[in-house]
Amino acid sequence: MKLPDKQCSLQDAIAHVKDGDTVMLGGFGVPGTPFTLIHALVQHGARNLTIVKNDANEPDMGVDHLLQSGLVARLITTHLGLNAHAIELMNTGQIDVEFNAQGILAERIRAGGAGLGGFLSDIGIGTELAEGKQIIEQGDKTFLVEPALRADVALLHADRADSFGNLAYVATARNFNPLMAMAADCVIAEAEAVLPLGALAADDIHTTGVFVDHVTELGALSKEYAVVQR
Amino acid sequence: MKLPDKQCSLQDAIAHVKDGDTVMLGGFGVPGTPFTLIHALVQHGARNLTIVKNDANEPDMGVDHLLQSGLVARLITTHLGLNAHAIELMNTGQIDVEFNAQGILAERIRAGGAGLGGFLSDIGIGTELAEGKQIIEQGDKTFLVEPALRADVALLHADRADSFGNLAYVATARNFNPLMAMAADCVIAEAEAVLPLGALAADDIHTTGVFVDHVTELGALSKEYAVVQR
Amino acid sequence: MSNAKERMVARAARELRPGMVVNLGIGLPTKVVNHLPADFPVCLHTENGLTGIGPTLPADQASRNLIDAGGAYVSTIPGSAFFDSATSFALVRSGRLDLTMLGAFEVAANGDLANWKIPGKFSPGVGGGIELAQKARRVAVLTTHTDRAGNPKLKKACSLPLTAKGCVARVFTDMAVIDIAPEGFTLVETAQGVSLAEIIEATGDVLHVPDTELPNF
Amino acid sequence: MSNAKERMVARAARELRPGMVVNLGIGLPTKVVNHLPADFPVCLHTENGLTGIGPTLPADQASRNLIDAGGAYVSTIPGSAFFDSATSFALVRSGRLDLTMLGAFEVAANGDLANWKIPGKFSPGVGGGIELAQKARRVAVLTTHTDRAGNPKLKKACSLPLTAKGCVARVFTDMAVIDIAPEGFTLVETAQGVSLAEIIEATGDVLHVPDTELPNF
Numbered sequence: 001m002k003l004p005d006k007q008c009s010l011q012d013a014i015a016h017v018k019d020g021d022t023v024m025l026g027g028f029g030v031p032g033t034p035f036t037l038i039h040a041l042v043q044h045g046a047r048n049l050t051i052v053k054n055d056a057n058e059p060d061m062g063v064d065h066l067l068q069s070g071l072v073a074r075l076i077t078t079h080l081g082l083n084a085h086a087i088e089l090m091n092t093g094q095i096d097v098e099f100n101a102q103g104i105l106a107e108r109i110r111a112g113g114a115g116l117g118g119f120l121s122d123i124g125i126g127t128e129l130a131e132g133k134q135i136i137e138q139g140d141k142t143f144l145v146e147p148a149l150r151a152d153v154a155l156l157h158a159d160r161a162d163s164f165g166n167l168a169y170v171a172t173a174r175n176f177n178p179l180m181a182m183a184a185d186c187v188i189a190e191a192e193a194v195l196p197l198g199a200l201a202a203d204d205i206h207t208t209g210v211f212v213d214h215v216t217e218l219g220a221l222s223k224e225y226a227v228v229q230r
Numbered sequence: 001m002k003l004p005d006k007q008c009s010l011q012d013a014i015a016h017v018k019d020g021d022t023v024m025l026g027g028f029g030v031p032g033t034p035f036t037l038i039h040a041l042v043q044h045g046a047r048n049l050t051i052v053k054n055d056a057n058e059p060d061m062g063v064d065h066l067l068q069s070g071l072v073a074r075l076i077t078t079h080l081g082l083n084a085h086a087i088e089l090m091n092t093g094q095i096d097v098e099f100n101a102q103g104i105l106a107e108r109i110r111a112g113g114a115g116l117g118g119f120l121s122d123i124g125i126g127t128e129l130a131e132g133k134q135i136i137e138q139g140d141k142t143f144l145v146e147p148a149l150r151a152d153v154a155l156l157h158a159d160r161a162d163s164f165g166n167l168a169y170v171a172t173a174r175n176f177n178p179l180m181a182m183a184a185d186c187v188i189a190e191a192e193a194v195l196p197l198g199a200l201a202a203d204d205i206h207t208t209g210v211f212v213d214h215v216t217e218l219g220a221l222s223k224e225y226a227v228v229q230r
Numbered sequence: 001m002s003n004a005k006e007r008m009v010a011r012a013a014r015e016l017r018p019g020m021v022v023n024l025g026i027g028l029p030t031k032v033v034n035h036l037p038a039d040f041p042v043c044l045h046t047e048n049g050l051t052g053i054g055p056t057l058p059a060d061q062a063s064r065n066l067i068d069a070g071g072a073y074v075s076t077i078p079g080s081a082f083f084d085s086a087t088s089f090a091l092v093r094s095g096r097l098d099l100t101m102l103g104a105f106e107v108a109a110n111g112d113l114a115n116w117k118i119p120g121k122f123s124p125g126v127g128g129g130i131e132l133a134q135k136a137r138r139v140a141v142l143t144t145h146t147d148r149a150g151n152p153k154l155k156k157a158c159s160l161p162l163t164a165k166g167c168v169a170r171v172f173t174d175m176a177v178i179d180i181a182p183e184g185f186t187l188v189e190t191a192q193g194v195s196l197a198e199i200i201e202a203t204g205d206v207l208h209v210p211d212t213e214l215p216n217f
Numbered sequence: 001m002s003n004a005k006e007r008m009v010a011r012a013a014r015e016l017r018p019g020m021v022v023n024l025g026i027g028l029p030t031k032v033v034n035h036l037p038a039d040f041p042v043c044l045h046t047e048n049g050l051t052g053i054g055p056t057l058p059a060d061q062a063s064r065n066l067i068d069a070g071g072a073y074v075s076t077i078p079g080s081a082f083f084d085s086a087t088s089f090a091l092v093r094s095g096r097l098d099l100t101m102l103g104a105f106e107v108a109a110n111g112d113l114a115n116w117k118i119p120g121k122f123s124p125g126v127g128g129g130i131e132l133a134q135k136a137r138r139v140a141v142l143t144t145h146t147d148r149a150g151n152p153k154l155k156k157a158c159s160l161p162l163t164a165k166g167c168v169a170r171v172f173t174d175m176a177v178i179d180i181a182p183e184g185f186t187l188v189e190t191a192q193g194v195s196l197a198e199i200i201e202a203t204g205d206v207l208h209v210p211d212t213e214l215p216n217f
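Protein chains in written order, with our numbering: chain L, 1 to 230; chain V, 1 to 230; chain H, 1 to 217; chain Z, 1 to 217.
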């Protein structure tokens, strides 16, 4: 037996995104954001997208390019504090924004990836974040029902991959990437290096290639990936 | 800043277990089972324990020593197929056994470790495994409510640790260990080697030491850890 | 293993398609790998936390930390990955298993499967079987056509506690390949040296037989 | 940073005990580390997936993949570990954070905290703050005693949307250290050069003042 090869061009991979899709994007700030796949998605031009990402990056970076292109109808996120443009689009009703507590967003994605319907949490009880949520009693405790979240496509950034799509992330670029890898019908990873099978140690792989449908190797990194000079 | 040191003797560590405690044990078959901590627990003699483990090992190994000592009142598990002694204790009412589907047990432990109340799953609907479980409707779907599971103490086996309690497992010895590491009030890990801080690469640590309270280094491994000759 | 069982396993092996992710249950299903070409592009999964299972090893070459869910000492191949038990079943429940092959006590004409419990006789716990049966995209069963007493294992309805409802798509036996179609058991292929009458006799519910000539395995 | 703020941060740093796991929120709380001895045994956590935060680095020494939740370029120390965002908040929600220090718009006399939203003016999303505030074993707030207009931030009740109810145990300000006791705001320490009358005047609800002499910081 030999593990299947999932290497794919950037264009062939991104062609899986359709109008109206829900698209998850890895990353927390710059680290782990698939800037190259996002750029390809802007070029591809699928419209009316629901984007799931921790944050909206900063103006003129990553998610903001999608916002500028008018491709995004809805954003499920935790914090837009570094992108005044995204906040303006929200405040003027040009995009619909759903805020989640950060760990709840992470957990909803993981639940989708784990084939669950959702989970019970007490986070936000007594605050406006609990409004509208289903409540369930368990013994003497009260919980909110948080529904699982899945996507049509997930776009991920990895440090290293192999041809089967096994992924390894580096430092805080891991963040939402391994969770989103589990939670989409079509999972596309860009990697700074795609290595031969066996080059990643089996104990050190962060996402098994079973979760990954397509993997594409990045050339020289654009400056979006670099340290932000403030 | 320097990370705290959590190294501890086997005896001092196991002294945290009290009569009536729920104790989680890592391992799937031999790999990942904390045989040395189990032996120390038998010596320690805490009674009326609820044990949570994937399986009951084989006769005269691991969990079976706890069963033989009469310290176990209840066993939450997935499969006892390799331990006829455990099945006999169950059939004669000497221990109470709760069977969970394997992935549901894993997920219940993880939910406990993630500070959740439980999760929604459709596994077992239409079978006797669903009997007695709370049912919840989500849109047009029906789910069972699976409650989170936590323990007073978790006993883990790791390949390598550092003095802060960061853990790395090897091969299929990982199994339930990282989940149980999250899900107990007191987490005790035995490791084949306890290394200085910095010896484990930050990207390759499987369990952050934040989850681990005590770590103890094993000497020469007993023959229970070895390949089983059948 | 008898010749008939060997042919059954060899036939089942042809069910694996390039690119699939497959979980082979304990017992006969694990023998399927022996019939795959060395470079066949498939990924085998085991519940205890491994994708990319390599060949089974004898005890003197085995690693004490590397087993499959049945306890067999296995090996890795280039690209193998280890993960915890929650991730392992996340993979199963979220639909990443293209195929699982399982053993059976009983298979019903509606695809119900019973393979984990015989009340009063055998109740070791369900292990990972229920999630494999319920969530793999395709579930195939490998079993002898009848039990040791000669009673049919393919029945109108299961009498034993179910593993999962309506999950089985195809059954490979020592006598035939049978699909679970909307109308019930449907003959697909017959084993060498077995007559149609014998298959019908050994099957516990109506067996639909197509008009066309059926392949022989 | 003014001397008063600097002293406030230095005083807050003494709240960290050896062996603690601590999350320091964005802004003033992150400055607390500058006041810890180099070998102080503590583990700092950040929500985006790191335990064992090392010193902040200037841009020319920074790693593009290593930031804290506030976007600052940080470093590792021996024993640092990286993990995903679900594990990071599992740690928070399951009670492994001994202490978090957060900023505040308002703190109520019952410990309610508001620090994420000003309706119509500021609503960037709650981020990870709600889980820190609700689940850390001890929540301390670092804030100026009054807002820029001189209005009290310590109030009888919060007027802004809550981050979490009854979560705050202690408040460090540029004027005082104040505990949230069952009876309400209770003075613990006073800042150098600030009179008791000034503290009472700047506090938006009854301030309980013990009979004993209070330490000065």
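Check before you lean on any hint, since a few could be wrong.
Using 20 Å as the maximum straight-line C-alpha spacing, the simulated EDC-like pairs for lysine to aspartate or glutamate come out as follows [claimed, not checked]:
1. L:K2 with H:D39
2. Z:K121 with L:D140
3. Z:K156 with Z:D98
4. H:K121 with V:D19
5. Z:K5 with Z:E15
Hints listed in this document are in silico derivations from the structure and should not be mistaken for laboratory results.
Tested hints:
1. L:K2 with H:D39: holds, 5 Å
2. Z:K121 with L:D140: Not OK: K121 (chain Z) and D140 (chain L) at ~39 Å, beyond 20 Å, violated.
3. Z:K156 with Z:D98: violated, 27 Å
4. H:K121 with V:D19: violated, 33 Å
5. Z:K5 with Z:E15: Holds: K5 (chain Z) and E15 (chain Z) sit about 16 Å apart, inside 20 Å.
Violated hints, listed in ascending order, are 2, 3 and 4; each of the other numbered hints is respected by the structure.
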